[in-house]
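Residues in the sequence shown are numbered consecutively from 263, following our numbering.
The reader is advised that the hints may include incorrect statements.
Straight-line distance between alpha carbons at most 30 Å, and here's what the computed DSSO-like set of lysine-lysine pairs gives [unchecked claim]:
id	residue 1	residue 2
1	461	532
2	457	439
3	478	411
4	427	439
FRET-style restraints, in silico, Cβ to Cβ [to be verified]:
id	residue 1	residue 2	range
5	521	401	55 to 61 Å
6	517	401	54 to 60 Å
7	468	340	51 to 57 Å
8	400	363	24 to 30 Å
9	327	385	27 to 33 Å
10	344	400	15 to 21 Å
11	401	360	32 to 38 Å
12	520	474	37 to 43 Å
13	528	401	46 to 52 Å
By construction, these hints were calculated from the structure, which means they are not laboratory data. All values derive from a computational prediction rather than experimental measurement. Glycine included, each C-beta is placed from N, C-alpha and C at the ideal position.
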Amino acid sequence: MRMRPPFWKMAAPREKTDGWTPGDRGTVYCTLHGKQLRTRSGKNMRNRYGFKCSARAYANLYMDRFERDFVYPNTLFQQHALLWYRYIDDIFCIWQGDHTSLTAFHNTINEIRPELKFSISHHMEAITFLDTKICKDVHGSLTTDIYTKPTDRNNLLLYNSCHPKSTRNSLPRSQFKRVSRIVSNPTIRQSRLSKMSKKFEDREYPCTLLNTEMTKILSETDPTSIPLPKPSRLPFVHGHHPSMQRVHNLIHKQWPLLTKAYPRIAIFKKSPPDVPTQTTKHQG
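From just these sequences and the hints, can you work out the full model?
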């Protein structure tokens, strides 16, 4: 299933709209197809300084409440839904029932909130969810493979980008790990790894780097069982900017002052946190 959350990308209008001014309290404006509209409900996704707020957090909070109030208690859901996973506005569900019961459930949740509509795609043998294709083999077992849309392009980060060298050098390993975790068939996995390596070559990554990282991944006994790292603290992730290195240095330099000033706070007794960079989308 895929849903259309009731959240808009908002922009403040430059002039009055239908007699409403931008300063009216409780008024939310949006731009849609070149027209400025005043909404009666919704949430402004930009603050007064023009930065985007956490739209994903709003969507997750809304959908969590919606699921607890309307999805999980639903009789059809309790009878036929074997599994239900959601990532923001994408849902993966295994339905143990006929087409009629699935359609009835789909229609029911679509009638609850007029601003929230679900679209649905279903199949008896295979379905896609995010970057994964899930298939049912002849024995009834589920297998997974990498899925890319036919219109997708190679948008991996160029190696000559101005991003930190550590970021560029870490991308091949992270993407090779992603392929290894998703692709369950060993033969297909090798093919997908070679294809991913070719994508990096097209983005001018050194062959020595690719070969080294590929060797490390292939030496794993079972790449699909690689545990995901669990950070011990919440990182402060920022957009890439050359000046952010000074922020990183400042935190490490002044950290002992925090340790001395607040001895009862356990987090300050640990080593200074890293300041990871959030780059543009570069999955292959």
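Hint check results:
1. 461 <-> 532: violated (40 Å)
2. 457 <-> 439: Holds, because 14 Å separates the two Cα atoms, which is no more than 30 Å.
3. 478 <-> 411: holds (28 Å)
4. 427 <-> 439: holds (19 Å)
5. 521 <-> 401: 55 to 61 Å: holds (57 Å)
6. 517 <-> 401: 54 to 60 Å: holds (55 Å)
7. 468 <-> 340: 51 to 57 Å: holds (54 Å)
8. 400 <-> 363: 24 to 30 Å: Given about 26 Å between the Cβ atoms, the range holds.
9. 327 <-> 385: 27 to 33 Å: Between residue 327 and residue 385, where Cβ atoms are some 30 Å apart, the hint holds.
10. 344 <-> 400: 15 to 21 Å: holds (20 Å)
11. 401 <-> 360: 32 to 38 Å: violated (23 Å)
12. 520 <-> 474: 37 to 43 Å: holds (38 Å)
13. 528 <-> 401: 46 to 52 Å: Once the Cβ atoms are compared, 50 Å apart, the range 46 to 52 Å for residue 401 and residue 528 holds.
Violation of the numbered hints given earlier is confined to hints 1, 11; the remaining hints are satisfied by the structure.
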